[in-house]
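One letter stands for each residue in the lines below.
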Amino acid sequence: MSEDAALRFDAVSIHFPGPHGPVPIVHDVSFAVARGKCLVIVGESGSGKSMCCQAVLGIVPAPGHVSGGGIHWQGNNLLHATPSDWRRVRGGEIAMVFQDPSAALNPLMTVGQQIIDVVRAHRTCSRAEARDRALAVLRQVRFPDPERRMRSYPWELSGGLRQRVAIAMALSCGPQLIVADEATSNLDVSIQAQIIELLRELQETLGLSIIFVTHDLGLALEIGDDVLVMYAGHAVERGPVRDVLENPCHPYTIGLLRCAPTLRSRRTEPLRPIPGLAPRPGEIGPGAPFRSRCPVIVEPLCATEKPGWSDCGAGHAVACHRYARDGRVAL
Amino acid sequence: MVKRFRAPGGRDTFTAVNAVSLAVTVGEIVGVVGESGCGKTTVSRILIGIEQPSAGEVRFEGAPVTTPEDWRRLRRSVQYVFQDPSTSLCPTMRIGEALAEPLVVHRIGTRAEQAARVREVLRLVGLDADAMGRLPAQLSGGQRQRVSLARALIIAPRIVICDEIVSGLDVSVQAQVLTLITDLQQRLGLGLIFISHDLRVVHYLCDRVAVMYLGRIVEEGSVADVFGDPRHPYTRALLSAVPGHVAAAPVPIRGEPASLLNLPPGCPFADRCPEVMPVCREAEPPPQIRNGHMARCIAASL
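Listed in order, the protein sequences are those of chains A and B. Residue numbering for the first sequence follows my numbering, starting at 1 and increasing by one per position. Residue numbering for the second sequence follows my numbering, starting at 1 and increasing by one per position.
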């Protein structure tokens, strides 16, 4: 969490109205994305990871809203951004790649035209200049035969190529930060590997910062520099990705790693699933978010107080009462 | 078996499944892996008669399945669990009713016996009896997949075909369903065909595995052989693309699969293969079998 952060997400909460008052979907989440680095947010459905991405771009769906904290980008708090600030930031400085490129692209327009439109929305330039820019970014994402195939419609392309177009579109205005929300989850493994390689290459050559959201811990290890583990709208563990996934300190992270099969697991040594289900937002109340499924709760603290951050060394931190008390979590 | 489909908008056909043979026996878990469009789902649909093969046959207990009577008998012993329980379960039918339906269709037991059996399978898949009165929308994704499993198990089949049944689930729920399947398979001595694109899940669960590419089985053998000593370059490439897995010798995979509508002669993987030789583009390689481990690659025989 150094000063070199490109984006700082500072104690952000997001609420949605509920029948008994506002329901927190994201609770007091902080993270920072270092310049030129990739932060991976891992979590399961409903953990609030996508909502955080949407907050970064100011597109939290109504009636939800960011109810507290700050999102700091290049010295400005994006929560106070005016519509004209947003027009500059969104797409121009921060761009997003969505999970499903067939929903993100317009089926009635050629992919080339869609990229040209994005360029012209952000830059004063001629059609020809915008077209050159579109070609350049398509080449950058190694879109095959770009002169000819930029005249294709999205539905004429495979899923992998559509995602390349979406990434090209995100790159077209030279953003400093890309937010990729499950951007490879719908792709086949061989194509996913190609897209991951591409993102890593772009990160290196363009000095891009990336927020990469995934539920796949293996993928987190492959693409990430830092990781933030989210559970039920709360950040529970954060730090350098290898350190966190090899020496997890939060009982949820430990449980998640134990129940994800790898190429070493066999059914003769059964996976150890985390019992039960994640709580619904609004059921959590005060106390540790993981307490209903946690085998090592600290009575009565876990039921009454949110755990603060404990330092685990080397930038690795965990929000867990058990860790704070014992200096370790033994499951 | 072979399955040809009519190409969209034309009179041409393309071959979605090409000379595929697959066997499963009671007590065994066979994995079928491959990427989208490789034909794995078509194979499984042929196995229970949702699709008719263009050539080849389905044999059950040693005899070919041909007459409607044969198919009825097969469907009492072979059940199918679909990928997405939110589309395979009727949204307006209560869980109890949905579970009893296979018993009604196959005319098994009295009403009271059917109700008792519904309770029994719910317990078997780890759900409370009060789930009977619920609608699918009132259950979580993991619970819905348990209901699909219960519905497949209610007529006590011997073989269950599972088509990508854990792909839509969160990791922690996926682990719950995987341990449930392992447990059920052992307790009931089921034979399973487990279709998945996730090599980690197949490695965890299966005894044997068939790797499919563009309608063909390109490698088949025990999980230990295929994952430990992959002999087809496609299998090696798939393994090195598994996220988080550090391959001894990473095989980057180029490009995308060829179109089934317009497949060049020779090996269908030739265009993407890092080890391609001129001979690969001449004729499709015959299966090379060594100690029960098959690979459809010229280089595998060298």
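No lab work stands behind these hints: they were computed from the structure. We treat Cβ as the ideally placed atom computed from N, Cα and C, and that holds for glycine. Heads up, some of the hints might be wrong.
To be verified - To be clear about the criterion: a stretch of chain B counts as covered by chain A if any three or more of its residues have a C-beta under 8 Å from a C-beta of chain A, and this derived list gives those stretches:
no., stretch
1, 45-59
2, 71-80
3, 199-212
Unchecked claim - So the derived list for chain A, only partly shown, Cβ under 8 Å to chain B, looks like this:
no., residue
4, Glu156
5, Ser158
6, Gly218
Comparing the hints with the structure gives:
{"no.": "1", "hint": "45-59", "result": "violated (count 0)"}
{"no.": "2", "hint": "71-80", "result": "violated (count 0)"}
{"no.": "3", "hint": "199-212", "result": "holds (count 6)"}
{"no.": "4", "hint": "Glu156", "result": "violated (12 Å)"}
{"no.": "5", "hint": "Ser158", "result": "holds (6 Å)"}
{"no.": "6", "hint": "Gly218", "result": "holds (2 Å)"}
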